[in-house]
Amino acid sequence: MNDETHEIEPGRPVRLVPTAPGFWMTVLGVVVAGLAPLFGFLIGSMIGVAEDSDAWLTPVYVGLLVGVVIGGLGVVLAVLGGRRLWRATRRGDRVGDGAEVPA
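Heads up: take any position in the sequence shown, counting from 1, add 19, and you land on my numbering.
These aren't lab readings, by the way, just hints derived from the structure by calculation.
As the structure is a computational prediction, the values presented were derived from the model and not from experiment.
Ideal Cβ positions, reconstructed from N, Cα and C, are used throughout, including at glycine.
Heads up, a few of these hints could be off.
Stated by the list, open to error - Simulated DEER-style distance windows between Cβ atoms:
no. : residue 1 : residue 2 : range
1   : L35       : W75       : 22 to 30 Å
2   : V50       : V81       : 49 to 57 Å
3   : W75       : W43       : 35 to 43 Å
4   : L61       : P37       : 34 to 42 Å
5   : D73       : T38       : 47 to 55 Å
6   : F42       : V87       : 21 to 29 Å
7   : E28       : V50       : 12 to 20 Å
8   : D71       : A39       : 29 to 37 Å
9   : A74       : L54       : 23 to 31 Å
10  : Y80       : R110      : 57 to 65 Å
11  : I62       : V95       : 46 to 54 Å
12  : L61       : R102      : 42 to 50 Å
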């Protein structure tokens with residue numbers, strides 16, 4: 020290819036195939052479920068130690084509790100995404116393969 024001609028040389032065609040429905044929801048749910056308790060513990064330990072050593076709600080406990088609750092929501096998100104992914108692959112109709120989705 021030179022400056023005078025702007026022809027594209029023939030090659031292998033690129034076919035972009037979208038991911039199945041529910042894939043990204045599952046990935047996001049797994050990541051949130053795995054990282055939320057770790058970040059909760061990290062934030063709780065960065066806040067510091069409670070002034071009263073006999074305190075029931077120490078910052079580490081509260082941070083870990085919030086992280087576990089958010090992680091549980093991540094598990095729910097992963098399960099819903101996995102269910103949607105399972106249904107899409109079992110149904111057989113994938114986006115972009117030319118098959119029409121029944122109404």
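Quick rundown of the hints versus the structure:
1. L35 / W75: 22 to 30 Å: violated, 55 Å
2. V50 / V81: 49 to 57 Å: Since the Cβ atoms of V50 and V81 sit about 23 Å apart, the hinted range of 49 to 57 Å is violated.
3. W75 / W43: 35 to 43 Å: holds, 39 Å
4. L61 / P37: 34 to 42 Å: This hint holds: roughly 36 Å between Cβ atoms.
5. D73 / T38: 47 to 55 Å: Holds, since D73 and T38 (Cβ atoms, about 52 Å apart) stay within the stated range.
6. F42 / V87: 21 to 29 Å: holds, 26 Å
7. E28 / V50: 12 to 20 Å: violated, 40 Å
8. D71 / A39: 29 to 37 Å: violated, 52 Å
9. A74 / L54: 23 to 31 Å: Given range 23 to 31 Å: holds, Cβ gap about 27 Å.
10. Y80 / R110: 57 to 65 Å: Roughly 45 Å apart at Cβ, these two residues miss the hinted range, so it is violated.
11. I62 / V95: 46 to 54 Å: violated, 22 Å
12. L61 / R102: 42 to 50 Å: violated, 31 Å
The structure does not agree with the numbered hints 1, 2, 7, 8, 10, 11, 12 stated previously, though it agrees with the rest.
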